[in-house]
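Number of protein chains: 2
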Amino acid sequence: MDTIFDVIARRRSVRAFRPEQVAEEQLQAILAAGRAAPSGGDNRTTHLIVVQQPAALAQLRDLVEREFAKMDVDEHTYKSIRNSVAASKRGGYEFFFRAPTLVVAANRKGYGNALADSACVLENMMLAATALGVGSCWINQLHWLDENAAVRAALCALGLEENETVTGGLALGYPKAADAFRPAEKDGNPVTFVR
Amino acid sequence: MDTIFDVIARRRSVRAFRPEQVAEEQLQAILAAGRAAPSGGDNRTTHLIVVQQPAALAQLRDLVEREFAKMDVDEHTYKSIRNSVAASKRGGYEFFFRAPTLVVAANRKGYGNALADSACVLENMMLAATALGVGSCWINQLHWLDENAAVRAALCALGLEENETVTGGLALGYPKAADAFRPAEKDGNPVTFVR
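As given, the protein sequences belong to chains D and X, one line each in that order. For the first sequence, position 167 (counting from the first letter as 1) is numbered 167 according to the working numbering, and the numbering increases by one without interruption. For the second sequence, position 195 (counting from the first letter as 1) is numbered 195 according to the working numbering, and the numbering increases by one without interruption.
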């Protein structure tokens, strides 16, 4: 198996999936990797809701499209939200790319480390998935819609607690593309040294 | 070298360090791992300030203790901040455990994914450090003090940009304890399945 450095280099956002479900043993290994992430004060309060039921996936897909389609945006709106709203108004918006597994990450409302802790969980899961040949992509739409009453009601019916806020999510599945895990040379994330 | 699953299992927060500096090649590998993390809209705007200069480290240590010692807290204050304030009022507060390297992570002010993106960068760095035998611990104190004028001025002198907010940080160094990377069995971070 690859070293962690190979895995980090090969992790890419995958946005086209084959329909077959992620093997159970792989899913469990990905979840265990996420649950082992560090957290502020060792709180470990990230809650992962693993949605695989086709009816629930279809309901979330339709609901997100409907709620985004109602939203008004302007040039001050974050560009990814603008894109989601525009795609939803056009119709046919697949916010988790028809992946067979959608993981919703949540954490305690009002907890200052909620986003950071859950991000560590999700990053561990994306790396573990990459190591196993499972494609992943961070899914932020349910986080953006966290205060939408219809979306919250649907998520609470799936296991979200009233005192939890959606912090992020992941699409998981086998990539359609044969070269989904090719390394990318990227710049950005600059470094300053004080020596 | 270990697989990513071994590395994730062995990553532990290290809070006691040997004084020698992290080898340059290892530091560069850890930074490269962090910079390869995913980010919202592929923005890659996490800025890592790597502080190794002894005078700068000592200045930050003293400043954080002084500013926390001025703070009033009550039972509603987040417990880790309460602990930092109490330790600072007592004196001798080592917020980065005298590690030879302190990494300050920052991101754009007002960017909704700032905390999540930087957390993915820092988690990659903690995993890479673990794989190389370098101890790490998330350091949140400069994030908590991000709006403190004296702390901001000190950080801006080290390279923080005016339009950046501190999102987190890391202590890095070789662990004092021989068993610093033993795996821990932990619960928490619960999972709900919808199938």
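No lab work stands behind these hints: they were computed from the structure. Among the hints, erroneous ones may be present.
Claimed, not checked - Simulated DEER-style distance windows between Cβ atoms:
1) D:Lys176 x X:Arg90: 40 to 48 angstroms
2) D:Glu94 x X:Arg90: 53 to 61 angstroms
3) X:Asp62 x D:Lys176: 49 to 57 angstroms
4) X:Gly92 x D:Lys176: 51 to 59 angstroms
5) X:Gly92 x D:Gly41: 47 to 55 angstroms
6) X:Glu94 x D:Gly92: 22 to 30 angstroms
7) D:Cys156 x X:Asp2: 33 to 41 angstroms
8) X:Met71 x D:Arg98: 35 to 43 angstroms
Just so it is clear, CB atoms sit at the ideal spot from N, CA and C, and this is done for glycine as well.
Taking the hints in turn, this is what the structure says about them:
1. Remark: the range hint 40 to 48 angstroms for lysine 176 (chain D) to arginine 90 (chain X) is contradicted by a beta-carbon distance near 58 angstroms.
2. Taken as a hint, the range 53 to 61 angstroms holds for the pair glutamate 94 (chain D) and arginine 90 (chain X), whose Cβ atoms sit roughly 55 angstroms apart.
3. In this structure, aspartate 62 (chain X) and lysine 176 (chain D) meet the distance hint of 49 to 57 angstroms, their C-beta atoms being roughly 55 angstroms apart.
4. Taking the beta carbon of each, glycine 92 (chain X) and lysine 176 (chain D) are about 57 angstroms apart, inside 51 to 59 angstroms as hinted.
5. A hinted range of 47 to 55 angstroms for the beta carbons of glycine 92 (chain X) and glycine 41 (chain D) is inconsistent with their spacing of about 21 angstroms.
6. For the pair glutamate 94 (chain X) and glycine 92 (chain D), the beta carbons lie near 56 angstroms from each other, so the given range of 22 to 30 angstroms is not met.
7. In this structure the hint that cysteine 156 (chain D) and aspartate 2 (chain X) lie 33 to 41 angstroms apart at CB holds, the actual value being about 40 angstroms.
8. For the hinted restraint 35 to 43 angstroms between methionine 71 (chain X) and arginine 98 (chain D), the CB-CB distance of approximately 50 angstroms leaves it violated.
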